[in-house]
Amino acid sequence: MHASGETSRPLVALLTDFGPESWYAGAVKGALLSTGGELLPVDITHGVPAQNILAGAIQLAASRDTFPPGTVFLAVVDPGVGGERRGLAMKVGDHYFVGPDNGLFGEVLLRAGGDESIEIVHLDRPELWRETVSPTFHGRDVFAPVAALLAGGMPLADCGSSCDDPVPLDRPFCAREGDELLGQVLLVDGFGNLTSNILAQDLASFLGGADPARLCVALGEHRLSGLLGTYADAPADTALCLLGSAGFLEVAVVGGSAHRRLGCGPGEWLRVSIDDSAEGEAR
Amino acid sequence: MHASGETSRPLVALLTDFGPESWYAGAVKGALLSTGGELLPVDITHGVPAQNILAGAIQLAASRDTFPPGTVFLAVVDPGVGGERRGLAMKVGDHYFVGPDNGLFGEVLLRAGGDESIEIVHLDRPELWRETVSPTFHGRDVFAPVAALLAGGMPLADCGSSCDDPVPLDRPFCAREGDELLGQVLLVDGFGNLTSNILAQDLASFLGGADPARLCVALGEHRLSGLLGTYADAPADTALCLLGSAGFLEVAVVGGSAHRRLGCGPGEWLRVSIDDSAEGEAR
Amino acid sequence: MHASGETSRPLVALLTDFGPESWYAGAVKGALLSTGGELLPVDITHGVPAQNILAGAIQLAASRDTFPPGTVFLAVVDPGVGGERRGLAMKVGDHYFVGPDNGLFGEVLLRAGGDESIEIVHLDRPELWRETVSPTFHGRDVFAPVAALLAGGMPLADCGSSCDDPVPLDRPFCAREGDELLGQVLLVDGFGNLTSNILAQDLASFLGGADPARLCVALGEHRLSGLLGTYADAPADTALCLLGSAGFLEVAVVGGSAHRRLGCGPGEWLRVSIDDSAEGEAR
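As given, the protein sequences belong to chains P, U and F, one line each in that order.
Residue numbers for the first sequence, in the numbering used here: 1 to 283.
Residue numbers for the second sequence, in the numbering used here: 1 to 283.
Residue numbers for the third sequence, in the numbering used here: 1 to 283.
Be aware that a few hints might be false.
Treat identical chains as interchangeable: a pair holds within one or across any two.
Computed list of lysine to any residue pairs in SDA-like fashion (alpha-carbon distance at most 25 angstroms, straight line) [as the list claims (entries may be wrong)]:
1) K91 / D115
2) K91 / C163
3) K91 / G153
4) K91 / G36
5) K91 / T35
6) K91 / L128
7) K91 / G160
8) K91 / S34
9) K91 / G37
10) K91 / D65
11) K91 / D165
12) K91 / G247
13) K91 / P168
If you are wondering where the hints come from, they were derived from the structure by calculation, not from laboratory data.
Predicted model only: the values in this text are computed from it and were never measured.
Let the sequences and hints guide you as you build the complete structure.
As structure tokens, then:
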């Protein structure tokens, strides 16, 4: 769509918990743009719940797929800033990631395809960072300069020493328990939809060949039946289960908020089972 | 201001109800930017109240004017995603619009100038979309790819079949009732200003030649007098009426929030009349 | 990092109190981008507390440093829009600033280095503005066009008449009172950190040569000891003092919100003293 020889600016996609009311994200973008290279900062979100590494990790993994090869993801949810925790940069497939080594990239690593190469370094070359590094703002002073260098074409290996033990993400996994699949709510989005930790493939393997209409989900005191395709498949104000766009089983209320209607949020247990009764129809 | 021959990137302006705390807008921007073309995504807002088509339609129409010719507006407030509702793309004057066919573009169409050409298509060419289309995320999988193609120069007619029956916007209009003009509050902004559904031209026609200072507005239990030019025309903490920047009659409180001070929000009735008494001065 | 002769787009960095849920910032970006020049709008934040000039001024000064030379800062916190207050544009060092003359640029001016040149004009050339100027939206109609012109290379002096009396920022300064340094909380960020009005250099001069570990800070009913380097230097849930990334003394709670935990917000007094007792250790 553009003249040959002309190249797009490399993208630096930002995901942080700085809050939309803060100047912090602006300072990071300034640091990215003052390195002299051509790059385009793209805000994914700055509204990850404060210091919630798990939420940030899930959102980062969910948003990764649409970005073009070469994109550098600069992710900062960093309760341990300035302490012992290391910084890292990594290449997974054709994407780069820069941020704190605290599990924030753990979901990306978990989901990395078998055919995707993974290369990780610790950020231990201060000469690449801003001249003065604030002990409370590595997003601006350490991660942004490194992200800009990667966007400008610096090889990953030049950003630091090879690392083979990144901190894993501490997150609950769903598990079989007798006839049930036991999961938890991980996130609530702005619509009040509840994202669980049950990946589409976990659910498919649990269902085996069973009709998805026979799915039963117990959530708090509520009991939902059937796996629907989309919000529009049920009448208004109905609670339903579907596979959400982050790749997980999701509970939603049509035209409303499942979070408020069902009184459930992160941490709530989901018990998934298969209805053995004859009819097998979604209620 | 730039060397001749060099062209600006086409703009894709985004307006959604995804919420600033969500990764959804980021995924849409990734999808826009991975199509290979040169374009610049510009966030209008991702804070339209969830699933509020009316609010989105008003904000879209209000923000349209400043954008340059060729801008593609990608708007997503989409409670019916994945169901029967169609997607559409349209050209109004020199602007393009892409999103769900649910009334979201209705205010733009209502306000289109008599000299503006209007051309509308339904999105029925899946080969233009992302390979896999999630039934819950057409913003990313359907609308973004089409918006990117339009930004890259694809003719509108190539995006789908001609459409002459877009879903109209379901919104209250102001109406004459005896000596009064009866309107409603449509929106509250971040300052607490109340935007009504009374357009400047409706008000002018209602006033006829009468002095705007003789305007009376009853709102809940409150009674406001006179049409002021700007917030600075009244003392602090005063409630006043003016023509807001969205083109509608607006109620504001100087240095405060009309929403909180007057206890009024969307749906509240406004009764507008002309003061017949002698003095005719703003109180 | 890019071919010689190729230049980066000039940046226009935006800081406003429009709120992330509003279309106002989008309209301003449209106005910037419709001037025909090549420029890149960069959102710092649109979440400055409504009409809070002080908060905007502090955040603007804090975020300025990372942006490259030539950046134009378009800042709008403008309770007096449409009234007597003037608009201004200024050049401080290599940065430009455009917005209302109400103190919003006062902190930038206060902190300007002795070696930085300062040049200020009032915006009194309507022929540079949008054709129709709404009395309630100068961000879109006056400031954006001027910012775009400056980004495109127009000399500051061509934007208006020279000004030597910009409205100063009305903000509390910290002061010595006997053996104490008396300050106030200016801002709360999204993590609940409390930013005071005590600049790092004020604190250093107050401490003289004393060990920072002997610092005592009384805040409401709370008493904090020692100046730590970063959030990671104390156990979880501990309240601590450190020098924040905005350049001010900051009170934080490790892994939590000082705002909620200490029950303190903007305006709260801080009494800073030096512990004369023998041990001099952070508690």
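Status of the hints after comparison with the structure:
1. Within a single copy, K91 and D115 get their C-alpha atoms as close as 13 angstroms, which meets the 25 angstroms cut-off; across copies the closest is 43 angstroms, which misses it.
2. Taking the closest pair of Cα atoms, K91 and C163 come within 25 angstroms of each other only inside a single copy of the chain (12 angstroms); across copies the shortest separation is 46 angstroms, beyond that limit.
3. Taking the shortest alpha-carbon separations for K91 and G153, only the intra-copy value of 13 angstroms comes in at or below 25 angstroms, while the best inter-copy value is 34 angstroms.
4. Proximity of K91 and G36 under a CA criterion of 25 angstroms is satisfied in both settings, with 23 angstroms inside one chain copy and 21 angstroms between copies.
5. In this homomeric assembly, K91 and T35 come within 25 angstroms of each other (Cα to Cα) both inside a single copy, at 21 angstroms, and across copies, at 21 angstroms.
6. Taking identical chains as interchangeable, the C-alpha atoms of K91 and L128 lie at most 25 angstroms apart only when both belong to the same chain, with a minimum of 18 angstroms there against 30 angstroms between chains.
7. Taking identical chains as interchangeable, the C-alpha atoms of K91 and G160 lie at most 25 angstroms apart only when both belong to the same chain, with a minimum of 13 angstroms there against 39 angstroms between chains.
8. For a Cα distance limit of 25 angstroms, the shortest separation of K91 from S34 qualifies both inside one copy, at 23 angstroms, and across copies, at 18 angstroms.
9. Both within a single protomer and between protomers do K91 and G37 lie at most 25 angstroms apart by alpha-carbon distance, with minima of 20 angstroms and 24 angstroms respectively.
10. For a Cα distance limit of 25 angstroms, the shortest separation of K91 from D65 inside one copy, 14 angstroms, qualifies, whereas the shortest one across copies, 30 angstroms, does not.
11. Proximity of K91 to D165 under the C-alpha cut-off of 25 angstroms is restricted to the intra-copy arrangement: shortest distance 15 angstroms within a copy versus 49 angstroms between copies.
12. Taking identical chains as interchangeable, the C-alpha atoms of K91 and G247 lie at most 25 angstroms apart only when both belong to the same chain, with a minimum of 22 angstroms there against 34 angstroms between chains.
13. For a Cα distance limit of 25 angstroms, the shortest separation of K91 from P168 inside one copy, 16 angstroms, qualifies, whereas the shortest one across copies, 48 angstroms, does not.
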